[in-house]
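Trainee: Protein chains in written order, with the working numbering: chain A, 95 to 279; chain B, 236 to 333.
Just so you know, these hints were derived from the structure itself, not from any lab.
The beta-carbon is built from N, C-alpha and C at its ideal position, and this holds for glycine as well.
Mixed in with the good hints, there may be bad ones.
As the list claims (entries may be wrong) - Take a look, some chain B residues computed to stay more than 10 Å from chain A by CB distance: (1) Ser282; (2) Thr285; (3) Leu295; (4) Leu297; (5) Phe298; (6) Leu299; (7) Tyr302; (8) Thr307; (9) Met316; (10) Glu318; (11) Gly324.
As the list claims (entries may be wrong) - Distance condition first, Cα-Cα at most 25 Å in a straight line; then the derived DSS-like pairs of lysine-lysine: (12) A:Lys217 <-> A:Lys270; (13) B:Lys270 <-> A:Lys118; (14) A:Lys217 <-> B:Lys238; (15) A:Lys181 <-> A:Lys270; (16) A:Lys276 <-> A:Lys181; (17) A:Lys276 <-> B:Lys238; (18) A:Lys105 <-> B:Lys268.
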Amino acid sequence: LNEHELIEKIKTGDENSFRILFEKFQSRIYNTALSYLQNQSDAEDITQEVFIEVFRSVQSFKGDSSVSTWLYRITINKCNDLWRHRKRKKRFAFLTSLFDKDSGELKHDSPHFEHPGIQLEKKEEAAILFSVIDTLPENQKTAFLLAQVEELSQKEIADVMQLSVKAVESLIQRAKVNLREKLKK
Amino acid sequence: MDKEQKTEQILNSLDGMSRAEASPFLFTRIQEKLKQTREVYPGVKVSLRTVFLSLSGLALLLFLNLYSFKNTGSETTENNMQELAGEYGLSNENGFYY
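Could you put together the complete structure from these sequences and hints?
Mentor: What follows is the structure, encoded as structure tokens:
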């Protein structure tokens, strides 16, 4: 079954096809969310939400884009929403309690992220890179991660982000320049 | 190692990374969540035939209502009024009506 046939089967209520779609795409969705949110539990929640959304809105999928583009788009939107929510929460941390009563640790700050798929000898550098990626503007971060982690082509990224290829090229370029500048400081 | 080299090393640290694995129970969690929200699979939805029959029935009912309303409108009201006036002795002939 190709992707579009799978979607048509899911539209008719075929539960097995829904499972096949999940098996086929869950790793891409989970890994995109993981590198974006830098938290395994959040990434699992997002993966779950993406598939629930797919299930609910499958009837409205017209097939104008590829299934993977559609799934990546839902994932990125959900990650952006959560990321914005987290940033707001961090800002309000100053108004609420900054430190955890029991452990004394900063409540709203995420600990250093270590991606489980990184080679052992690169773990330290990757942790630094992920923390700097997290400071990039939303669009630059999305384009950079889809290119670097998911290894999507600029055309595919343009489809996911609904931008022109030229705009994506510029976003990736600016992201790299920004990362270099921040790392040199 | 100078700063430039270190920066490049950090920037290239994602090269060759492998995919992380999600929990093996993720699909079960999704199924459970869908059950909780009382979702039905799209195919179990009401059939088009049922929708068509319901809508046709509703349209027919509406048409019959409008039809009977139009045909029994002012004439019946006038007759009823005259009957009532007659019963109470309020007719045009004795000059008390109007």
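Trainee: Against which earlier hints does the structure fall short, listed by number upward?
Mentor: Of the numbered hints, all hold.
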